[in-house]
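Novice: The chain contents come next:
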Amino acid sequence: MTWFLRRFAQMLLVIFGVVTLAFVFAYIVPANPARMVAGPQASPQAVASIAHQLGLDRSVWSQYVSFLGRIVHGNLGISFALQGRTVASEIWIALPYTAVLAVGGILWEIVIGIPAGIIAAYRPRSVVDRFATFGALLGLSAPPFWLGLMLIYFLAYKVSWFPLNGVGHPLIWYMILPSFTLGVGGAAFYSRMVRTTVRQVLRSPFIEFARLKGMPERTILFRHVLRHALTPVITMLGMDLGYFLGGVLIIESIFGIPGVGQLAFSSISTLDVPMITGTVLVAAVFMVFMSFVVDVAYTFIDPRVRLNRAK
Amino acid sequence: MINLPENELNAAFTASEPTVLSQPNFWRRAGRSLLHDPIALCSFAFIALLAVVAIFAPLIAPDDPLRQFSNGLSYVGAPVSPNGHFLLGTDASGRDVLSRLIFGVRVSLLVGVVATGLASLIGVVIGTVAGYVGGVTESILMRFTDMVLSFPILLFCVALIAVTGPSTRNVVLVIAFAYWTYLARVVRGQVLSIKEREFVNAARTLGVGHVKIIRKHIIPHLVPTIIVYGTLGVATSILIEASLSFLGIGVPLPQASWGEMISEGQQYFQSAPWLLVAPGVALILTVLAFNLAGDWLTDILDPAVQEVGS
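Protein sequences, first through last, are from chains A and B. For the first sequence, the numbering used here gives the first residue as 1, with consecutive numbering after it. For the second sequence, the numbering used here gives the first residue as 312, with consecutive numbering after it.
Hint data in this document are derived by calculation from the structure and do not stem from the laboratory. Hints are supplied without guarantee of correctness; some may be wrong.
So the derived list for chain B, only partly shown, Cβ under 10 Å to chain A, looks like this [claimed, not checked]:
hint: 1; residue: A356
hint: 2; residue: A362
hint: 3; residue: V364
hint: 4; residue: L460
hint: 5; residue: F467
hint: 6; residue: T479
hint: 7; residue: V588
hint: 8; residue: L594
Which stretches of chain B does chain A cover? Using the computed rule of at least three CB atoms under 8 Å from a CB of chain A, they are [as the list claims (entries may be wrong)]:
hint: 9; region: 423-431
hint: 10; region: 437-448
hint: 11; region: 555-567
Quick reminder that beta carbons are idealized off the backbone N, C-alpha and C, glycines included.
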């Protein structure tokens, strides 16, 4: 329990640091925010009054304190580019798309990566193993934006099995190609990782013992091998989810998905500072939070970790 | 009280524990392993080829990568497909794709190598200081690492570029600033275990200064890790550079970069698929070569096993 509280405090500390970094980032942006809000034709007096409204004429520390105060209340500020819209509401609108995409990506990682790794481990140097190894290397090395464009060209344009881009009804249909593009790199990574760990487990004495006992191979796989091989995978999948939820801007921009990544990217082209800060901040908080969740989950999956940490 | 002969301690002090690299026969063993591993051999050969192409790009490229040929566009103004003159066809501005591809090697390798080098430098310094000094310094440095690590790497780079403005130098700095965290964590872990080993204790007992201990006894043992992470880091950096250029905020125009070529070719994919296929394949092969080379180096240098200690 004390460990849990310490870990929780540590998460809050990192989030505090992340917020501070985001403030520093927003503060050093060379563009004059008041000028951006007022518009290019505004008089110097108008710019100055907006600067006053935004609190830009106050000291760094006072700005920092009010920034912290706003963040605590979940107020990420008002967008410069989209007049009158708050950053939080825009992110809230974009988030469901990113969430569906992220979960889809994770599913592809699981559906492809884990079975490929297990089969490759059970049949080393077989056709499946070689194919999986080759596919994994390709999946790790292919830039996602290139892969996405290829998928669009062949599966959406040439044979029109899938929609070209954008979102529509039903959403799942529009998410198949993007989430595959998102998950394929991770699937490649996990297939290799699962292959290595399964091979290690298969060589250990307790598996030998289970076999001697006459336990069916299927039971050995599901009861013993997978439990050991999947623990590290589950934790890393959690980290992936945090990463994906922060917005995967390349894939969202190729497939025209109006998610958080797309929002971040378009705000960068308009130099919409509150929006950039807000999206980056949300992404970072997702990562920090998921790594906390993963750490806590780990102690439930593997009691040894709990014992080690109690020391 | 254990009595150790003076000369034994002195030996421990003067001669640091041999690292993987300084083991006898290391180079012969590595060479033999490489000859028996055609995939690794091909990867290193390909990397060498890329280096040659990058250095001698102006001599190798058939044309100026920026020149817009009058015969580089068809009569309707579309890119010309691969032919005798333009071996890989032309792009939408009538420029020779092969020449742009060759000059693109320069950008990819330059950014990849310099960014990784810089990231390794920062990572090793921070990781070593954190691991060696420990205490509050360690906490501060590692929490800072955690913070930087919690920003998704590409989004982080994009946001930083938005502030600093797109230029080749900024792309390198941004990638380095995002990537050092990975090495810092690994290095810290290794330093924690190395500094507890006998040869470091012996040196400390003999009153050797901290800087000298780090330089002579700790850094040499980090070299395998740095090499492995550096090689894999080049692959990652090249991918990030391509992604940034694909988004139009990487290496500034009109300089040829593979990511930018792919982004530009996007619109003409139906009529001119070579615009996407050529830079895409070049990118995949390059990243693949660095990944495979990194795998082989991991096998031969085995930094993880070394960490456990012999």
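Novice: Hint by hint, where does the structure go against what was stated? Just the numbers, ascending.
Specialist: 1, 2, 3, 6, 9 and 10
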